[in-house]
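Protein chains: 2
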Amino acid sequence: MKKLNVAIMGATGAVGREMIKVLEERSFPINKLVLLASKRSVGTKIKFNNEDLVVEELTPDSFKEIDIVLGASPNKIALEFAPYIVKAGAIFIDNSSAFRMNEDVPLVVPEINPTDAYNNKGIISNPNCSTIISLVAINAINKLSKIKAINACTYQATSGAGASGPKELVEQINALNEGKSVEAKTFTHQIAYNLIPHIGSFLDNGYTTEEMKMQNEGRKIMHLPELLVNCTCVRVPIIRSHSISLTLVTENKLQIEDVKKAISVEKGCVLYDDPSSNKYPMPLLTSDQDLVYVGRIRKDLLNENGISLFCCGDQVRKGAATNAIQIAELFVNN
Amino acid sequence: MKKLNVAIMGATGAVGREMIKVLEERSFPINKLVLLASKRSVGTKIKFNNEDLVVEELTPDSFKEIDIVLGASPNKIALEFAPYIVKAGAIFIDNSSAFRMNEDVPLVVPEINPTDAYNNKGIISNPNCSTIISLVAINAINKLSKIKAINACTYQATSGAGASGPKELVEQINALNEGKSVEAKTFTHQIAYNLIPHIGSFLDNGYTTEEMKMQNEGRKIMHLPELLVNCTCVRVPIIRSHSISLTLVTENKLQIEDVKKAISVEKGCVLYDDPSSNKYPMPLLTSDQDLVYVGRIRKDLLNENGISLFCCGDQVRKGAATNAIQIAELFVNN
Numbered sequence: 030m031k032k033l034n035v036a037i038m039g040a041t042g043a044v045g046r047e048m049i050k051v052l053e054e055r056s057f058p059i060n061k062l063v064l065l066a067s068k069r070s071v072g073t074k075i076k077f078n079n080e081d082l083v084v085e086e087l088t089p090d091s092f093k094e095i096d097i098v099l100g101a102s103p104n105k106i107a108l109e110f111a112p113y114i115v116k117a118g119a120i121f122i123d124n125s126s127a128f129r130m131n132e133d134v135p136l137v138v139p140e141i142n143p144t145d146a147y148n149n150k151g152i153i154s155n156p157n158c159s160t161i162i163s164l165v166a167i168n169a170i171n172k173l174s175k176i177k178a179i180n181a182c183t184y185q186a187t188s189g190a191g192a193s194g195p196k197e198l199v200e201q202i203n204a205l206n207e208g209k210s211v212e213a214k215t216f217t218h219q220i221a222y223n224l225i226p227h228i229g230s231f232l233d234n235g236y237t238t239e240e241m242k243m244q245n246e247g248r249k250i251m252h253l254p255e256l257l258v259n260c261t262c263v264r265v266p267i268i269r270s271h272s273i274s275l276t277l278v279t280e281n282k283l284q285i286e287d288v289k290k291a292i293s294v295e296k297g298c299v300l301y302d303d304p305s306s307n308k309y310p311m312p313l314l315t316s317d318q319d320l321v322y323v324g325r326i327r328k329d330l331l332n333e334n335g336i337s338l339f340c341c342g343d344q345v346r347k348g349a350a351t352n353a354i355q356i357a358e359l360f361v362n363n
Numbered sequence: 030m031k032k033l034n035v036a037i038m039g040a041t042g043a044v045g046r047e048m049i050k051v052l053e054e055r056s057f058p059i060n061k062l063v064l065l066a067s068k069r070s071v072g073t074k075i076k077f078n079n080e081d082l083v084v085e086e087l088t089p090d091s092f093k094e095i096d097i098v099l100g101a102s103p104n105k106i107a108l109e110f111a112p113y114i115v116k117a118g119a120i121f122i123d124n125s126s127a128f129r130m131n132e133d134v135p136l137v138v139p140e141i142n143p144t145d146a147y148n149n150k151g152i153i154s155n156p157n158c159s160t161i162i163s164l165v166a167i168n169a170i171n172k173l174s175k176i177k178a179i180n181a182c183t184y185q186a187t188s189g190a191g192a193s194g195p196k197e198l199v200e201q202i203n204a205l206n207e208g209k210s211v212e213a214k215t216f217t218h219q220i221a222y223n224l225i226p227h228i229g230s231f232l233d234n235g236y237t238t239e240e241m242k243m244q245n246e247g248r249k250i251m252h253l254p255e256l257l258v259n260c261t262c263v264r265v266p267i268i269r270s271h272s273i274s275l276t277l278v279t280e281n282k283l284q285i286e287d288v289k290k291a292i293s294v295e296k297g298c299v300l301y302d303d304p305s306s307n308k309y310p311m312p313l314l315t316s317d318q319d320l321v322y323v324g325r326i327r328k329d330l331l332n333e334n335g336i337s338l339f340c341c342g343d344q345v346r347k348g349a350a351t352n353a354i355q356i357a358e359l360f361v362n363n
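Chains as they are written, first to last, in this note's numbering: chain A, 30 to 363; chain B, 30 to 363.
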């Protein structure tokens with residue numbers, strides 16, 4: 030097996046650090062791992078395979094001899110450095126949303142559309158976290174009968190906002206415990222003991238950028254150009270794992286038992302659906318692992334062809350780091 | 030104004046205590062207030078209008094000369110004592126779910142169906158908390174055009190489970206802070222930093238009793254016998270105020286501006302919908318008051334006649350205590 034030179038751009042953030050962990054766990058065939066970040070993080074040491082790697086400064090010259098760049102930086106940085114990465118001949122697997130809807134950039138969930146990845150021009154985008162988790166949960170259903178419409182309400186963990194999210198939640202809880210006042214920096218309002226129905230920025234149609242991703246990205250990943258998605262995204266005061274309550278309408282009427290059976294054998298997800306034993310997906314169960322848990326599967330009460338379910342997955346891993354590395358694995362020996 | 034003799038059954042619980050507070054706040058015309066609870070709470074002192082009232086034992090003989098009994102006890106107690114209340118000639122306004130679907134028991138939200146209350150045979154039921162909050166939010170829309178279907182995802186506070194709910198949440202957070210293990214008693218699983226998609230008990234159709242209440246009770250309160258409601262109820266780690274993400278389908282197509290205008294002048298709710306200034310309903314905003322906040326109002330992306338919105342309200346107050354006392358107010362001078 031050919032060993033690859035891999036760089037992680039934004040290596041000191043929540044997703045970057047998780048990428049390092051996942052590369053090690055999955056024994057990704059690495060010749061050299063280069064950790065890149067902005068100037069202020071240069072010199073930070075991070076363990077990889079029992080070795081201390083030192084973070085280097087991200088510059089246009091960072092990509093010489095690199096085969097794969099895993100991007101865990103914001104859109105602005107992704108847009109700035111993508112041309113240098115492509116010019117250096119590396120494949121850029123980018124977790125930002127900067128290129129996701131570009132026509133010549135594949136948007137890939139390896140369990141769903143792996144072959145799209147090969148049709149790239151140097152950049153492959155990693156989809157939005159809630160979108161990945163939802164689509165892995167419903168991919169088996171789409172194989173039984175084409176999904177026409179989805180209603181989604183999310184319950185998104187603070188770590189979806191980066192490492193500062195859970196830090197702010199815990200700090201606020203401690204401050205409240207001590208009778209101190211609370212400061213909101215990462216989030217628009219206090220998140221401790223609160224919910225915020227606002228993730229991303231608001232568009233003219235009243236939806237947020239985050240809410241529209243599930244329709245826009247879902248259409249592209251599932252090759253369903255007419256898919257309709259109505260989404261409400263809500264930040265909840267938990268540390269990790271996003272949950273999504275989904276109701277979908279399929280072209281044909283499906284039997285619940287067939288849906289459960291299909292999900293139970295689908296790659297990337299676990300059927301966890303035994304309510305009588307209090308078994309249903311919950312964020313505590315699904316944190317720090319790579320599978321999407323699917324449960325509460327039942328017939329929608331509004332539509333003959335509708336199905337409701339509840340799914341949870343670790344959005345830092347399957348929703349970001351792991352999915353990116355699964356994409357990279359498609360290029361091992363290719 | 031005739032002053033009434035009022036008894037509160039279950040006076041020491043979360044809803045019972047809130048009823049005492051709300052009676053005082055609203056200057057309900059009280060001649061005598063009797064606080065009733067089970068044996069183990071007898072002797073507890075609770076302040077009402079600067080006076081210490083002593084909790085008495087609930088017995089079949091507790092209702093002599095009482096005009097109105099406010100029930101804040103579980104179903105079992107409500108079922109046991111209702112015959113004695115009715116026999117004593119009092120009106121029983123019951124917050125339990127025991128009688129809600131009985132044909133000869135009105136189920137009342139005073140902003141929606143006040144006159145139903147007069148058609149009682151001694152018992153009037155107070156609806157489910159999430160149902161009250163959702164229906165107050167959408168009542169104005171139903172007046173513009175009949176609501177045919179609702180998709181609801183709830184974000185329900187721990188206080189919905191009674192006083193032990195928030196206590197368990199805070200105790201678990203403190204235990205985790207100190208590196209201790211966590212015990213789940215009130216909830217089926219750890220609620221700190223977690224979500225639990227399970228409120229009530231599971232029915233054969235895969236929905237919970239709590240989830241079916243919104244359809245069953247919604248039909249009765251709104252006089253919409255064919256209303257379809259698909260609901261997912263989720264417990265979230267917050268102290269107070271339930272939130273509900275709603276998508277509804279109306280008979281005719283409505284304009285968003287008309288919907289906002291109608292909600293802004295509707296009794297019992299507040300239009301709080303200015304996302305560009307980060308204004309949308311949140312549980313922190315809506316706790317410890319009686320109005321339902323409605324925001325994030327936008328066109329549903331799945332249905333021409335659909336509208337999505339997000340609403341929050343204090344379920345201990347408007348979802349329980351205040352609604353019951355508003356029902357009682359219908360009988361002042363009647």
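Treat the hints with care, since some could be wrong.
Note that the list lumps identical chains together, so a pair holds whenever it fits in one copy or between two copies.
Within a straight-line C-alpha distance of at most 27 Å, the following computed DSS-like cross-link-like pairs (lysine-lysine) qualify [stated by the list, open to error]: (1) K177 - K290; (2) K68 - K296; (3) K308 - K196; (4) K172 - K31; (5) K214 - K150; (6) K328 - K296; (7) K282 - K177; (8) K209 - K308; (9) K196 - K209; (10) K116 - K289; (11) K177 - K328; (12) K50 - K328; (13) K289 - K209; (14) K289 - K214; (15) K150 - K308; (16) K328 - K196; (17) K308 - K214; (18) K328 - K105.
Hint data in this document are derived by calculation from the structure and do not stem from the laboratory.
- Homomeric proximity label, K196 with K209: Cα distance no greater than 27 Å: both (16 Å within a copy, 20 Å between copies)
- Is it within a copy, between copies, both, or neither that the alpha carbon of K308 lies no farther than 27 Å from that of K214? So K308 and K214 pass the 27 Å test across copies only (16 Å; inside, 36 Å).
- Query: Checking K50 and K328: alpha-carbon separation at most 27 Å within a copy, between copies, both or neither?
  - Reply: neither (39 Å within a copy, 42 Å between copies)
- Given a CA cutoff of 27 Å, do K328 and K196 count as a within-copy pair, a between-copy pair, both, or neither? neither (39 Å within a copy, 35 Å between copies)
- Message: Within a copy, between copies, both or neither: which one fits K308 and K196 at a CA-CA cutoff of 27 Å?
- Response: between (29 Å within a copy, 24 Å between copies)
- Query: Within a copy, between copies, both or neither: where do K214 and K150 come within 27 Å Cα-Cα?
  - Reply: Answer is neither: 38 Å inside a copy and 55 Å across each miss the 27 Å cutoff.
- With identical chains treated as interchangeable, where does the CA-CA distance between K289 and K214 reach 27 Å or less: within a copy, between copies, both, or neither? So K289 and K214 fail the 27 Å test inside a copy (42 Å) and across (30 Å) alike.
- Query: Between the shortest in-copy and the shortest cross-copy C-alpha distance, which are at most 27 Å for K116 and K289: within, between, both, or neither?
  - Reply: neither (46 Å within a copy, 52 Å between copies)
- Query: Is it within a copy, between copies, both, or neither that the alpha carbon of K289 lies no farther than 27 Å from that of K209?
  - Reply: Close neither inside one copy (48 Å) nor across copies (37 Å); limit 27 Å.
- For K209 vs K308, is the C-alpha pair at or below 27 Å within one copy, between two copies, both, or neither? Between copies only: 24 Å across, 38 Å inside.
- Item | Intra- versus inter-subunit Cα pairing at 27 Å for K282 with K177 | both (12 Å within a copy, 21 Å between copies)
- Message: When Cα atoms must be at most 27 Å apart, do K328 and K105 count as within-copy, between-copy, both, or neither?
- Response: neither (43 Å within a copy, 31 Å between copies)
When held up to the earlier numbered hints, the structure conflicts with 2, 4, 5, 10, 12, 13, 14, 15, 16 and 18 and fits the remainder.
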